[in-house]
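Its first residue numbered 1, the sequence shown is counted upward by one per residue in full-length UniProt numbering.
Keep in mind the hints are simulated off the structure, nothing from the lab.
Wrong hints could be hidden among the right ones.
Here are the simulated distance ranges between beta carbons [to be verified]: (1) Ala-26 - Ala-140: 52 to 62 Å; (2) Gly-293 - His-153: 40 to 50 Å; (3) Gln-234 - Ala-144: 12 to 22 Å; (4) Pro-135 - Arg-80: 17 to 27 Å; (5) Ala-127 - Asp-63: 52 to 62 Å; (6) Ala-60 - Asp-170: 34 to 44 Å; (7) Gly-155 - Gly-303: 20 to 30 Å; (8) Glu-317 - Arg-191: 24 to 34 Å; (9) Met-1 - Glu-104: 16 to 26 Å; (10) Thr-340 - Cys-154: 40 to 50 Å; (11) Asp-345 - Arg-80: 17 to 27 Å; (12) Met-1 - Ser-187: 14 to 24 Å.
Think of the CB as a built atom: it goes at the ideal place given N, C-alpha and C, for glycine as much as any other residue.
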Amino acid sequence: MRVLLTGSAGFIGTAIGRALEAAGHAVVRVDLMLPQAHGATKAPEGTHRLDVREAGGWVAVLDGVDAVCHQAAVVGAGARVADLPDYASHNDLGTAALLAAMHEAGVHRLVLASSMVVYGEGRYACASHGEQVPPARDRADLDAGNFDNHCPHCGDQLAWTLVEESARLDPRSSYAASKVAQEHYASAWVRQADAAAVALRYHNVYGPGMPRDTPYSGVAAMFRSSLERGQRPQVFEDGGQMRDFVHVDDVARANLAALEAVATRERGGFEAFNVCSGRPVSILDVARLVGSGTGLDPEVTGGYRLGDVRHVVASPERARVALGFTAQIAPEVGLPAFATAPLRD
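Turn these sequences into a full structure, and let the hints steer you where they fit.
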């Protein structure tokens, strides 16, 4: 299979490219090389440089391609209002331009990098009143250190449960809104273009090659960067936020499985899958695992970001059944190893 891989020079794209070639697939690499993502890093030899937002630029690179693995995106929390145009331009318009060009080129198989941020808050239940959908957390509560979600009926603290792909989409940041838009464009495209697409909702990805101290780096790399400076990792809220951390090599395996699946799917279908380890871990424990052996204990700051949610932990079951994908690297193994893995400047 000949696969066009966008975002190929990025941390995740690099791992996917290696996995595809190891499986015997031909890879056409495409990247925009945004400075905030890549810094001074140069694109590997043979990488096509183009602006994802220009549909006409895709024509030459799509020739002879069987499927597209679309990883290119502006990522991060989208904490500033000023970030909105970047997310809408690169993620929304970029995806729409790619899909239009794919149809014109007769390429009808897509794997899309999505994110767990599309869910907003995770799934919650009250012991007395069953499943509940909490509203966005109030700034006054966060200022007072009241970080948990509570049952609207009895006020008891809600317990987190596993989020399945059928959960409602409720983006809480500009980045999250752009990822929902990407999925919606892909879903509309499969019907209009008689195509097939899979969206992979990545949870917190970490591993070798992550960039240092940028909005692209993710919390594990931010902890790691602090340790390299001899500083204690700074943990927001009370550190009790539950997440799923998945190693980049497992993400690459998930993309390989998704590409092989979408190549045989009947056209006209769109599916989304969680890509996660299936082993929930608190943010405080992540900081401890990454910093194990350094003597630098994490510092719980009580700070917060309004775009953050309290808990979001995924069910890996649908990806296991439909794609045959199960993560191989547990966080308690991968995160301590990440403490000495190379980062990208």
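To see whether the hints hold, each was checked on the structure:
1. Ala-26 - Ala-140: 52 to 62 Å: holds (56 Å)
2. Gly-293 - His-153: 40 to 50 Å: holds (46 Å)
3. Gln-234 - Ala-144: 12 to 22 Å: holds (20 Å)
4. Pro-135 - Arg-80: 17 to 27 Å: holds (23 Å)
5. Ala-127 - Asp-63: 52 to 62 Å: holds (58 Å)
6. Ala-60 - Asp-170: 34 to 44 Å: holds (39 Å)
7. Gly-155 - Gly-303: 20 to 30 Å: Given about 25 Å between the Cβ atoms, the range holds.
8. Glu-317 - Arg-191: 24 to 34 Å: With Cβ atoms ~27 Å apart, the hint holds.
9. Met-1 - Glu-104: 16 to 26 Å: Given a distance of about 20 Å, which is inside 16 to 26 Å, the answer is holds.
10. Thr-340 - Cys-154: 40 to 50 Å: holds (47 Å)
11. Asp-345 - Arg-80: 17 to 27 Å: The hinted range 17 to 27 Å holds for Asp-345 and Arg-80, with Cβ atoms some 24 Å apart.
12. Met-1 - Ser-187: 14 to 24 Å: Check passed, 23 Å falls within 14 to 24 Å.
Hint compliance for this structure: no hint is broken.
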